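J.: Single-letter residue listing:
Protein chains: 4
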Amino acid sequence: MSDVKKVVLAYSGGLDTSVIVKWLQETYNCEVVTFTADIGQGEEVEPARAKAQALGVKEIYIEDLREEFVRDYVFPMFRANTIYEGEYLLGTSIARPLIAKRLIEIANETGADAISHGATGKGNDQVRFELGGYALKPGVKVIAPWREWDLTSREKLMAYCEEHNIPVDFSNKKKKSPYSMDANLLHISYEGGILEDPWAEAEDDMWRWSVSPEAAPDTPTYVELTFEKGDIVAIDGEALKAHEVLEKLNKVGGDNGIGRLDIVENRYVGMKSRGCYETPGGTIMLRAHRAIESLTLDREEAHLKDQLMPKYAEVIYNGYWWSPERRMLQAAIDETQKNVSGVVRMKLYKGNATVVGRKSEQSLFDESIATFEDDAGAYNQKDAEGFIKLNALRLRIAAGKGRQQS
Amino acid sequence: MSDVKKVVLAYSGGLDTSVIVKWLQETYNCEVVTFTADIGQGEEVEPARAKAQALGVKEIYIEDLREEFVRDYVFPMFRANTIYEGEYLLGTSIARPLIAKRLIEIANETGADAISHGATGKGNDQVRFELGGYALKPGVKVIAPWREWDLTSREKLMAYCEEHNIPVDFSNKKKKSPYSMDANLLHISYEGGILEDPWAEAEDDMWRWSVSPEAAPDTPTYVELTFEKGDIVAIDGEALKAHEVLEKLNKVGGDNGIGRLDIVENRYVGMKSRGCYETPGGTIMLRAHRAIESLTLDREEAHLKDQLMPKYAEVIYNGYWWSPERRMLQAAIDETQKNVSGVVRMKLYKGNATVVGRKSEQSLFDESIATFEDDAGAYNQKDAEGFIKLNALRLRIAAGKGRQQS
Amino acid sequence: MSDVKKVVLAYSGGLDTSVIVKWLQETYNCEVVTFTADIGQGEEVEPARAKAQALGVKEIYIEDLREEFVRDYVFPMFRANTIYEGEYLLGTSIARPLIAKRLIEIANETGADAISHGATGKGNDQVRFELGGYALKPGVKVIAPWREWDLTSREKLMAYCEEHNIPVDFSNKKKKSPYSMDANLLHISYEGGILEDPWAEAEDDMWRWSVSPEAAPDTPTYVELTFEKGDIVAIDGEALKAHEVLEKLNKVGGDNGIGRLDIVENRYVGMKSRGCYETPGGTIMLRAHRAIESLTLDREEAHLKDQLMPKYAEVIYNGYWWSPERRMLQAAIDETQKNVSGVVRMKLYKGNATVVGRKSEQSLFDESIATFEDDAGAYNQKDAEGFIKLNALRLRIAAGKGRQQS
Amino acid sequence: MSDVKKVVLAYSGGLDTSVIVKWLQETYNCEVVTFTADIGQGEEVEPARAKAQALGVKEIYIEDLREEFVRDYVFPMFRANTIYEGEYLLGTSIARPLIAKRLIEIANETGADAISHGATGKGNDQVRFELGGYALKPGVKVIAPWREWDLTSREKLMAYCEEHNIPVDFSNKKKKSPYSMDANLLHISYEGGILEDPWAEAEDDMWRWSVSPEAAPDTPTYVELTFEKGDIVAIDGEALKAHEVLEKLNKVGGDNGIGRLDIVENRYVGMKSRGCYETPGGTIMLRAHRAIESLTLDREEAHLKDQLMPKYAEVIYNGYWWSPERRMLQAAIDETQKNVSGVVRMKLYKGNATVVGRKSEQSLFDESIATFEDDAGAYNQKDAEGFIKLNALRLRIAAGKGRQQS
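Residue numbers (full-length UniProt numbering), protein chains in the order written: chain A, 1 to 406; chain B, 1 to 406; chain C, 1 to 406; chain D, 1 to 406.
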């Protein structure tokens, strides 16, 4: 374990990663560089500086990555209407590639030969961090303390803190929650505690980002979302940066009780787990994006996107953002978004995010053809006969030969 | 046009299909057999008998197909979590194959050589009726009056009625609505009128099956849905037939403002159209089915189902229920449903159908492995290192050779 | 039929299209522009000029499109290892989009409002020409004489020629063959005649571009093909243009009895047909391209390409080259070809095109890892245990719960 | 290591697995049960008995599994026209599930708590054996000596033999070959040696099952293969068992130089490797199966099969035969094979396996429709206009709105 000289740690400033700083210093006898990022988790990142200093860290990186996160990761993912297993909007998954990338870049800047993280050996996040790390710096050493050490209970962690003089007030906040949580601009997640019984309903005071539908206002809120090439660029006519879009939608969505989700999902490491998520802005974005696509995408590209999406979601969920297959899928997806521009009007009300209107200069909706009224010859109904006849030909031939018909 | 001797008509009893009866008799100088089915559209079917008799029809079929419809068409489709273009639950599409099948069976019983329907030349329904017809009786003659006649406006239809002594009160009810509507146990649909402008919000008095979320009760309703091999067999512990399940869920869903949908969709004939749908029961079923699958399906079969679903939805939407590709996909889907049994608990509240619990004797959720607490060795976290290392190997090799990394 | 003023005809110079010139002039009372292209069919195109002039055509386009055809259509298609229904290399399909594009461009240049072609109403080519035409000029009028006229037998055509003074020697050459043939740089095809019985073996004198394996040389020929970004750019070290590559491979392939194919295929219009094809160069290219990809593509992008290929082939076969779905798929495919560079060595011998070596500076083959000998720690075999354990986890959990195991 | 009481070993009788017997006995101090199967590898299995006895083994299983192997594994796989990465017929992959199943069954019969195999830690076979083992007996202990021991060179193995009195003549035969080989009724494979350089051509004396095309007879051999529901049941009219079919086709194929393959493939463990394969019978079967399907399958089910095949191949290659996703795909595949019956005539000549005729009572080829001659109205060419017009509609609308056209 002596061959690690310097390690860059994804440092939250919380108890667990503070213990890791110390443990890395002791176990590997190496220098630790901390990296703390604001990706919209809703907690100050600056306090991490003093904590790291107190632990003897000399190189401390604290960064605001909110815009990069939303613009380069969240938005590209939403262009595909990405959902994992029919429900999950991938809020945790999509933040990991950016963290992995910065860990490696900082390793390169500081001459570190290793990276480390605080994810457990049971979850998906270790995979996402490490696949990203290996893809971007193939010779990097990865240290995953939770897979190595014997601090396998809260008691042992506390004992370690006491022994090593790590101030435990670090952990106060977290201790109040019985849940394992993760947050960024796209979502906040909850696991563990009573959620480990999939039959048990989540307690209402667990949720942090949204009011319950019951507690939401009795009158609806309407928003108009302007898309350009598949991304939202303005809300109610006001131009916004990517992360501002999401912040604003999180606010208005959360206020209206939108975006709560309670699911059992399949982890890449092979087990099922139960998680609850709040994704207020993402829930609105997904619906709105589908709506603007419904006007502006060709049918066949839309269907092909739908067929590719589950694979794309799996790639991201499993941690392969930095992979050739993700780039390949992204190329296909982005190719379709050139004309995905226009405005979607949504009604937000007590948990419901409902599309009530959409318009676009790129619209392929042709009222003169679709109309039930006289279309002045725009569409020749007689064409339908030949269309049906030839589409039926293979079925008729088969039936004529006595093939199974029902 | 003299070569048709007898034609079986899908007869609703309404104005349009009454005109068609007369028009067929006159134009083709043939006998007309009427077929009217109760598939849960919410209107009496028995009155169609007197109307048909008044038009001189001798062979009149009036049938209650509700159970067959839900059991053999709706339920199999829901096993795949089927959604068209991310939103549409295929309420109209799934009723057509059954109608087509009965038209052909009645043609065989009555010695008819043709079938007819009242669908327009612009829509999907003509395709669905006719593909079904041809697949089940390859030599059948199909008559689609809307593609043939010149009664292209309401005025001309009325004039035809007067001229041929068809009582126009037939049409009273429909005339009240500016929308083209279609209903069965799975849904009611609305097209036309102001909906032809996709920016215009649907008027609240258009909706017929559900109250608005605003008008729904202020307290939630909980239901427990029991699944067996992928289908719901009981609600709140009460065993029900398939169509009773859907009736009951429509009622409780509609009462709670659930299942309204407003979309622009791509028709098989090549145009976009805007439609509004109410699918209260189906909306609940879909969510619940995903929830019971989340406990009982293996990850890889679940993902494969998700990848196949858009194709399966397209097959049904386009009218290919009676096709080898649908049977092939169904075989794959049904193979996965053997263990999809258990109970899902849902909370219905002002438009929201939320899963709050799920349990199953077939559950693959293993709390002893998933737990954040001590798992007593059920899962060896060290396995994750090798898992990640080998999954990363191809990425590391590529990066080591200088391949693009971001 | 009086509303067509000028029509651009895909004119081969043969009997059928010569009749079409006259028939268009007479039937539509319009001006005819002829367009004749050399796409490597192996017949002189210049003679078409005099024939067109003799028919009174004033605007005559004769063009050498061989390079454009191979570079912009054949090569992009081969990047996907495209095969239709497991066997067919799409030789006819891939030539149609280019013809359609030039027809429309010439229509735009000459102010023509219609295009016309000599394809029958039973085949795929009409679809390919017309879909291309409509996609590139939505208001164009398409005239498909074979679907309109009553010249439905050779006798009637001959009578028409005599009546209209069209020199029948035009047809001498074709008359010698009992087959319907089509040729371009990628292939020559045969349909009809005794091939209409799928049990009947093709006669040996039908084949025109290749010797039989029996007649091929008794010693093998070796070629080295240099790829750059997925396309062949040199043969045996000699840099060549795209169409020269294909010409050369056709020659050496045909000389060695390579590329004959005899299949029953499914046409887009709904029927099965039997066709024989000679694709000497294409057969070599496909194998070689797979070989260079086997060294240079990442596994997952390679597998994804394989999964998308059948759809891509279907899109091209059905005539949707000029469609958003083709562009979307092409974007994905081209994204993967950036590193598909290197050299493939092939042995050609009596019908066999065998890869015997491949090398690349972009190779991802890592001998130090793959070796059966001592790898000096490049690969840690112990990683495999964790890899297998976690991949097995879902299966073990299911088996532990008594799930079906075989 | 003391917790293993009895282990079932996949025992070939060769040097490596003989060493493993001794090593297991020593290292785990446990009883070893040997299992040796004839799956058509072309070597006597009975001699393994004496060798095992000499090593002190008391429970010795020697079985002829050839029929089960071909009937229940090879044939189902060929129904899907399964090819991995465009080239490989999965000869090794498909034999592993059967071995794994018998290992587990024997473990259950003999009360063993572990299984063991002689596959290395770098290859796919370890994965296939172990995934199968875990899927069929979730609590089984798997011992993979090559991942555990330090006998990492031939010299160390020899020293171990000497030390433990294991007769080295066991290894004589294998020592003659510089290649790592594996064989069963479907194929024989070669890896290692000079093949580790992908540019080097395989030496001609490496190949064991087939003559070179050059050495094959100068006159072709014709065979007629009778299919029933997707499987070959007779050759030249003679009814045969599944394994007899493959034996016979291997003979006639090998005699005609058919089935040699030289590829670089992507292993599941993340590296590329170069392998050479001889699959004479399989190569013929694949072609023939496609041919009988070309007559008897509907177009859309055929295309869907082609789209699913790469996934199905990956599932088998990666070792997931005993998985829900394989069963799901198999259900879809088998559903399509009900009518895949008939006769295919093939010409075998110097490496070429060419389809020259196919016939079937289930044929969907309709000569009366497909004919270039007068079809007596079986097909109405005018239908094609409407077919094309409506298929073009979406493209025309898009072009009319100024969308990108090329």
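Some hints here could point you the wrong way.
Claimed, not checked - Below, simulated DSS-like cross-link-like pairs (lysine-lysine); rule was C-alpha separation at most 30 Å, straight line:
#, chain 1, residue 1, chain 2, residue 2
1, D, Lys58, D, Lys22
2, B, Lys241, B, Lys229
3, C, Lys229, C, Lys338
4, B, Lys311, D, Lys401
5, B, Lys229, D, Lys241
6, D, Lys58, D, Lys241
7, B, Lys5, A, Lys6
8, A, Lys311, C, Lys6
9, A, Lys22, A, Lys6
10, C, Lys311, D, Lys359
11, C, Lys401, C, Lys382
12, B, Lys347, B, Lys241
13, B, Lys156, A, Lys22
14, B, Lys359, C, Lys401
15, B, Lys5, B, Lys248
16, D, Lys248, D, Lys359
17, B, Lys6, D, Lys5
18, A, Lys229, B, Lys311
19, D, Lys241, D, Lys251
20, A, Lys382, C, Lys401
21, D, Lys359, A, Lys401
22, D, Lys401, A, Lys338
23, C, Lys6, D, Lys5
24, B, Lys156, B, Lys141
25, D, Lys311, C, Lys338
26, C, Lys382, C, Lys229
27, B, Lys248, B, Lys229
28, D, Lys5, D, Lys156
Please keep in mind that the hints were generated in silico from the structure rather than gathered at the bench.
For clarity, every value in this text was computed on a predicted model and none was experimentally measured.
J.: All hints, please: hold or fail.
T.: Hint check:
As the CA atoms of Lys58 of chain D and Lys22 of chain D are separated by approximately 13 Å, the hinted pair is consistent with the 30 Å bound. A distance of roughly 15 Å separates the Cα atoms of Lys241 of chain B and Lys229 of chain B; the hinted pair therefore holds under the 30 Å criterion. For the hint pairing Lys229 of chain C with Lys338 of chain C, the CA-to-CA distance comes to about 5 Å; that is within 30 Å, so the pair holds. Distance restraint check for Lys311 of chain B and Lys401 of chain D: the Cα-Cα separation of roughly 28 Å lies within the 30 Å cut-off, and the hinted pair is therefore satisfied.
Annotation: proposed proximity of Lys229 of chain B to Lys241 of chain D is violated, straight-line Cα distance about 37 Å (limit 30 Å). Distance hint between Lys58 of chain D and Lys241 of chain D is unfulfilled; the C-alpha atoms sit about 34 Å from each other, more than 30 Å. Of the supplied pair hints, the one linking Lys5 of chain B and Lys6 of chain A is violated, its CA atoms being roughly 90 Å apart against a limit of 30 Å. This hinted pair does not check out: Lys311 of chain A and Lys6 of chain C have alpha carbons roughly 49 Å apart, beyond 30 Å.
With a CA separation close to 13 Å, the supplied pair Lys22 of chain A and Lys6 of chain A stays within the 30 Å bound. With a C-alpha separation of about 28 Å, the suggested pairing of Lys311 of chain C with Lys359 of chain D holds against the 30 Å cut-off. Under the criterion of a C-alpha separation no larger than 30 Å, the hint pairing Lys401 of chain C with Lys382 of chain C is consistent with the structure, at around 29 Å. A hinted pair counts as satisfied when its Cα atoms are at most 30 Å apart, and Lys347 of chain B with Lys241 of chain B qualifies at roughly 22 Å.
The straight-line distance between the Cα atoms of Lys156 of chain B and Lys22 of chain A is roughly 87 Å, outside the 30 Å bound, and the hint therefore fails. A threshold of 30 Å between alpha carbons decides the hint, and for Lys359 of chain B with Lys401 of chain C the separation of about 14 Å falls inside it, so the pair holds. For the proposed pair Lys5 of chain B and Lys248 of chain B, the alpha carbon gap of about 43 Å is over 30 Å, so the pair is violated. The suggested pairing of Lys248 of chain D with Lys359 of chain D holds, with an alpha-carbon distance near 22 Å, which does not exceed 30 Å.
Taken as a hint, the Lys6 of chain B and Lys5 of chain D pair is broken in the structure, with Cα atoms around 79 Å apart against an allowance of 30 Å. For the hint pairing Lys229 of chain A with Lys311 of chain B, the CA-to-CA distance comes to about 26 Å; that is within 30 Å, so the pair holds. With a CA separation close to 15 Å, the supplied pair Lys241 of chain D and Lys251 of chain D stays within the 30 Å bound. Between Lys382 of chain A and Lys401 of chain C the CA atoms are separated by roughly 58 Å; this puts the pair beyond 30 Å, and the hint is violated.
Restraint check: the Cα-Cα separation between Lys359 of chain D and Lys401 of chain A comes to about 14 Å, which is no more than 30 Å; the hinted pair holds. Restraint check for Lys401 of chain D and Lys338 of chain A: satisfied, since their Cα atoms lie roughly 14 Å apart, inside the 30 Å limit. A C-alpha spacing of about 90 Å is found between Lys6 of chain C and Lys5 of chain D, which places the hinted pair above 30 Å, so the restraint is violated. The suggested pairing of Lys156 of chain B with Lys141 of chain B holds, with an alpha-carbon distance near 26 Å, which does not exceed 30 Å.
At roughly 25 Å between alpha-carbon atoms, Lys311 of chain D and Lys338 of chain C fall within 30 Å of each other, so this suggested pair holds. Using a Cα cut-off of 30 Å, the hinted pair Lys382 of chain C and Lys229 of chain C is violated, with the two alpha carbons roughly 37 Å apart. Between Lys248 of chain B and Lys229 of chain B the alpha-carbon distance is near 20 Å, which keeps this suggested pair within the 30 Å criterion. Note on Lys5 of chain D and Lys156 of chain D: the hinted pairing holds, with a Cα-Cα distance of about 27 Å set against a maximum of 30 Å.
Violation of the numbered hints given earlier is confined to hints 5, 6, 7, 8, 13, 15, 17, 20, 23 and 26; the remaining hints are satisfied by the structure.
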